[in-house]
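Student: Kindly generate the complete structure, drawing on both the sequences and the hints.
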Amino acid sequence: MAACGGDDGGEEGTGGAGGNGEVGAEPVTLSVATFNEFGYEELFTEYESLHDNVTIEHVKADTADNARDALRNSLGADSGASDIEAVEVDWLVEFMQYPDKFADLSDPSVDGRWQDWKVAAATTEDGKLVGYGTDNGPEAICYRADLFEEAGLPSDREEVATLLEGDWQHYFDVGKDFVASSDAAWFDSANATWQGMINQVEVAYQDEAGEIIATTNPEVRELYDQVLTASVDDELSAGLGQWSPDWANGFQESSFATMLCPGWMLGVVEGNASGIEGWDVANVFPGGGGNWGGSYLTVPAQGDHVAEATALANWLTAPEQQVKAFEAKGTFPSQVEALESEELLSSTNAFFNDAPTGEIFAERAKAITFQPYKGPDYFSINTALQDALTRVDVDGTDDAQSSWDKFVSDVEALG
Amino acid sequence: MTRLRPPVEHADRLPRPPRRIGLGSRLSRWDVKLSPYLYISPFFLLFFVTGLFPLVYTGWVAVHDWDLIMGQGEFVGTKNFVEVLTGRDFWTALTNTFSIFLLSSVPQVFAAIVIAAALDTNLRAKTFWRMGVLLPYVVAPVAVALIFSNLFADKFGLINSALGVLGIDPVGWHSQRLPSHLAIATMVNFRWTGYNALIFLAAMQAVPRDLYEQAAIDGAGRVRQFWSVTVPMLRPTIIFVVITSTIGGLQIFDEARMYDQFGRGGADGQWQTLTVYLYELGWTRSNFGRASAVAVLLFLIIVLVGLLNFWITRRIASSEVKR
Chain A
1 MAACGGDDGG EEGTGGAGGN GEVGAEPVTL SVATFNEFGY EELFTEYESL HDNVTIEHVK
61 ADTADNARDA LRNSLGADSG ASDIEAVEVD WLVEFMQYPD KFADLSDPSV DGRWQDWKVA
121 AATTEDGKLV GYGTDNGPEA ICYRADLFEE AGLPSDREEV ATLLEGDWQH YFDVGKDFVA
181 SSDAAWFDSA NATWQGMINQ VEVAYQDEAG EIIATTNPEV RELYDQVLTA SVDDELSAGL
241 GQWSPDWANG FQESSFATML CPGWMLGVVE GNASGIEGWD VANVFPGGGG NWGGSYLTVP
301 AQGDHVAEAT ALANWLTAPE QQVKAFEAKG TFPSQVEALE SEELLSSTNA FFNDAPTGEI
361 FAERAKAITF QPYKGPDYFS INTALQDALT RVDVDGTDDA QSSWDKFVSD VEALG
Chain B
1001 MTRLRPPVEH ADRLPRPPRR IGLGSRLSRW DVKLSPYLYI SPFFLLFFVT GLFPLVYTGW
1061 VAVHDWDLIM GQGEFVGTKN FVEVLTGRDF WTALTNTFSI FLLSSVPQVF AAIVIAAALD
1121 TNLRAKTFWR MGVLLPYVVA PVAVALIFSN LFADKFGLIN SALGVLGIDP VGWHSQRLPS
1181 HLAIATMVNF RWTGYNALIF LAAMQAVPRD LYEQAAIDGA GRVRQFWSVT VPMLRPTIIF
1241 VVITSTIGGL QIFDEARMYD QFGRGGADGQ WQTLTVYLYE LGWTRSNFGR ASAVAVLLFL
1301 IIVLVGLLNF WITRRIASSE VKR
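Chains as they are written, first to last, in my numbering: chain A, 1 to 415; chain B, 1001 to 1323.
To be clear, the hints were calculated from the coordinates, so they are not data collected in a lab.
In this text, all values refer to a predicted model and were calculated from it rather than measured experimentally.
Cβ atoms here follow ideal geometry from the backbone N, Cα and C, with glycine treated the same way.
Mixed in with the good hints, there may be bad ones.
A few chain A positions that, by computed beta-carbon distances, are all more than 10 Å from chain B [stated by the list, open to error]:
| no. | residue |
| --- | --- |
| 1 | Asp69 |
| 2 | Glu150 |
| 3 | Ser244 |
Taking lysine to aspartate or glutamate and the DMTMM-like style, the derived pairs with C-alpha atoms no more than 20 Å apart in a straight line are [to be verified]:
| no. | chain 1 | residue 1 | chain 2 | residue 2 |
| --- | --- | --- | --- | --- |
| 4 | B | Lys1079 | A | Asp62 |
| 5 | A | Lys101 | A | Glu88 |
| 6 | A | Lys60 | A | Glu41 |
| 7 | A | Lys329 | A | Glu37 |
| 8 | A | Lys406 | B | Asp1089 |
| 9 | A | Lys176 | A | Asp225 |
| 10 | A | Lys406 | B | Asp1268 |
| 11 | A | Lys366 | A | Glu165 |
| 12 | A | Lys101 | A | Asp78 |
| 13 | A | Lys101 | B | Asp1067 |
| 14 | A | Lys176 | A | Asp234 |
| 15 | A | Lys329 | A | Asp62 |
| 16 | A | Lys128 | A | Glu149 |
| 17 | A | Lys406 | B | Glu1213 |
| 18 | A | Lys366 | A | Glu337 |
Tutor: Quick look at the structure:
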């Protein structure tokens, strides 16, 4: 990977923009489209003060889905995209189908900046780098220490980490002990748990030749049965559709004791569970490491200031800046150097019982060994599968088998 | 009857040579003939550009493989239509659309007429009440949907909690089909009833007051006056409201899309309407060809239902005249 990147960098370096951001001195206005919280507000001011000729305009979408729709539309129309567009990892693959629509960002200055799998996911077969990695979603387990204690389980975060160490079946088995002596469920929903499980499958829904294998891949079916057995038969799931109003209320009602926590989820939990005490986070994840979410900055080729935008994106995703973004909004860095920075490692989270979140998530990030292959149809297939889980776990309109049959026909209809 | 031929006594006369007319009067004749069309032409020109062209273009897209980003692909003929019509989603969406449409339009027209009748009486602070019924219409549909989807939440929603107090089992407002249609219809009614009420009110104001006086002299009470004077006089307005709400009802989108966090109409397509299905095909799956096929089908359905609607309301209207 490193050697390959180096070669490309050599070729690109001659004509490329260079990494220092000094591209001409004509005044330019660069628009940057993001969604949710990237923590870039102060960084923009800083960049403007470093470059007199640059004015930055921030276009902020409320949800990632809206940002995706907007970007698709402007790529389709070949106009209207911002100079820099943020792209989420789950739909990056879709946009990787159209590498010509994006500028090649490979550059010697970014070699070795990110974890290998982060770069690999944004690199096309012929070595074109489509996006600069921003944050990641290394996953840990968030849990309610008070509910653990009431159910007679250890509640200290080190002890919980030891208790839950193992595979998914072990996680569910501990859950069975828990629900036997508690009113609360073990986890929030089958959907959320599925997200953790499927992100550990190297090739899940579509193989690299583009063949859809979701309905025939035994690994997918096994996980599907496993999560639904745990959720419905063993009653470990609170049956709350993720992101629904019920789910948000479930935090206040103490409906469940654990949930999968990528770094960015901490803010979500804190928001939904405000006023509830007892949340903590343990340095453990079933089945090893896992990544859920994270984003990239891309530069659409249709822009008028591709070179200047590349320089800005390069600067924004450098380790020093990413650490500042982490401090601002908790977006966990994907940059190798940032993972070792003192500011990151020493940070704690007051809501989660002062857990050393910087240290925990840095550990969790190191446990991630690969990025699963997500084909261009990943988003659609995973959506259909999430629907299948919802029908059984939340709605109760189907059992596991009939819901799977519908999933198979949904996938066939994707065509 | 218009006369088709000139009177017989003039028939044998030679055709009169054309009278010479000055430029001024010729212009004025052109003015009479053409001006009305010129006055209304901006609408039609705009319609051709913004209405007709997209309509025809949609038909063009529907017979091609068409990706949102990559654009036009091969010509595939009726393939998109066949795929849509043989799939399960289209028919589910069609049933849902009609179910939600009936649950919203029918009660809406009745409620709107009753509210309009109430507003048509001698109220103090008339304008306040009239503006009041329009208030729900002003609220953005997205905000309405957010509030209602919280009210109708399955586990911890306000409505299910209230039902629990009354000892009634919680209703699966999101998981079950009919309840989800009811909930969405409630949102639509909340938003549109007041708007339609104002249209009816305007029509009621145009009913000559002496009709009511005569009815009162004949001994008709308020209710009788309403049924025998107000409703028949409202006929054209009712037709108008029914047709506009048909078009709107069959295109229902905002409420259904905002009803849950994913906006796809439920895990089992419980409340997926045709427009939500169309949006999913076009934007989530990037398949513009198939989405356009759905759009064309939706257009045909609306035309059909519109005609049927018109025919039925006409029948009702004329049968009432006979009575």
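Student: Which hints from the list above does the structure break, by number from lowest to highest?
Tutor: Failing hints, ascending: 1, 3, 4, 16, 17.
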